[in-house]
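Colleague: Residue numbers (the numbering used here), protein chains in the order written: chain A, -13 to 128; chain B, 102 to 230.
Among the hints, a few may not be true.
[As the list claims (entries may be wrong)] Cβ pair distances, simulated, as ranges: (1) B/ILE170 - A/VAL18: 16 to 26 angstroms; (2) A/LEU89 - B/LYS125: 13 to 23 angstroms; (3) B/ALA143 - A/ARG64: 49 to 59 angstroms; (4) B/LYS125 - A/LEU85: 33 to 43 angstroms; (5) A/PHE17 - B/ILE170: 17 to 27 angstroms; (6) A/ALA50 - B/HIS196: 39 to 49 angstroms; (7) B/ALA150 - A/VAL10: 17 to 27 angstroms; (8) A/LEU15 - B/ASP126: 27 to 37 angstroms; (9) A/GLY63 - B/ALA157: 30 to 40 angstroms; (10) A/SER111 - B/VAL135: 22 to 32 angstroms.
Derived from the structure by calculation, the hints contain no laboratory data.
It should be emphasised that the depicted structure is a prediction, and the values quoted were computed from it without experimental measurement.
Where is the CB? At the ideal position from N, CA and C, for every residue including glycine.
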Amino acid sequence: MTELEAGSTTGARRARPISPHLQVYKLMLTFVMSGFHRITGAVLYFGMLLIAWWLIAAASGPNAYGNFEWFMGSLIGRLVLFGYTWALLHHLLGGIRHLLWDLGLGFEPNEREFLALATIVGSISLTLIVWVVGYLAMGGPR
Amino acid sequence: MTESRMRTPMSRVRGLGAAHTGTKDFWHQRITSVAGIPLCIALVIIVIALLGRSHAAVVQILGSPIVAIIMLLFIVNTVYHMWIGMQEIIIDYVHEDKLKLATLLGNTFFCFAIGLASAFAILKLSFGV
């Protein structure tokens, strides 16, 4: 402590710099995608309740599975599932982006911007593709 | 930069820090993320394949060995991945000691419960008891 206080002759506490937080940064796409990765991760965390409900309902019997199907078929259920699909695919693509960085790739400014853009454009496109394929697999919208 | 006198040479050599696990969570998060890529793709395919099918058909497909094994791998991998992830979020944002302890415990309980319940359901579908 004596070393730290050596610069202060008056003994009064000097205002020390504090760590900057979210609001001081310019809103960049890479920064937003970083936030999206964490938020989608947290959403998927609670989304596992949906997976568990699905599996437990299937294991419980036709009535329980019917309740699950009724909820997932409702407008709210479809919105939840659509959100879950996007969160899963966004977190998946964001994760691949992080793995590329872990390998030391994609750190140039243009590469970072491309990866951030590819994450959001890719996740939205893939979500729409998955839903189109899903409806086609069911034989059209119901 | 002077090394604190409280740290022994052994602790510096081990490099595991105060939590005694070093970068274990970081590394395990990477392992489970790599494994998660094919498993998430498999989940999407399985869900699409089951859309609109009757309960009996869903039980048969989910309970078939390959699908059940993939689903079990997905569950175990995801639960571990999300346990580390939520722990990281809690450590970043929750600074009050008691609340931090409570949320960390809650995270562990939630992950164990959701993992065990899901795994049990898949095993029940497979063995058909």
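Colleague: Hint by hint, say whether it matches the structure.
Modeller: Right, here's what the structure says about each hint:
Hint check: B/ILE170 to A/VAL18, Cβ distance near 38 angstroms, so the stated range 16 to 26 angstroms is violated. Hint check: A/LEU89 to B/LYS125, Cβ distance near 20 angstroms, so the stated range 13 to 23 angstroms holds. Our hint of 49 to 59 angstroms for B/ALA143 and A/ARG64 is violated, since their Cβ atoms are close to 22 angstroms apart. Look at B/LYS125 against A/LEU85: about 18 angstroms separates their beta carbons, and that is not inside 33 to 43 angstroms.
Range check, A/PHE17 to B/ILE170: Cβ separation about 40 angstroms, and the 17 to 27 angstroms hint is violated. At about 42 angstroms, the beta-carbon gap between A/ALA50 and B/HIS196 stays in the expected band of 39 to 49 angstroms. Restraint check, B/ALA150 to A/VAL10: a C-beta distance of roughly 48 angstroms breaks the suggested window 17 to 27 angstroms. Range check, A/LEU15 to B/ASP126: about 28 angstroms between beta-carbon atoms, so the 27 to 37 angstroms window is met.
For A/GLY63 and B/ALA157, the Cβ-Cβ distance of about 22 angstroms falls outside the hinted range of 30 to 40 angstroms, so the restraint is violated. Between A/SER111 and B/VAL135 the beta carbon distance is about 23 angstroms. The supplied range of 22 to 32 angstroms therefore holds.
In this structure, the hints that do not hold are numbers 1, 3, 4, 5, 7 and 9, in rising order.
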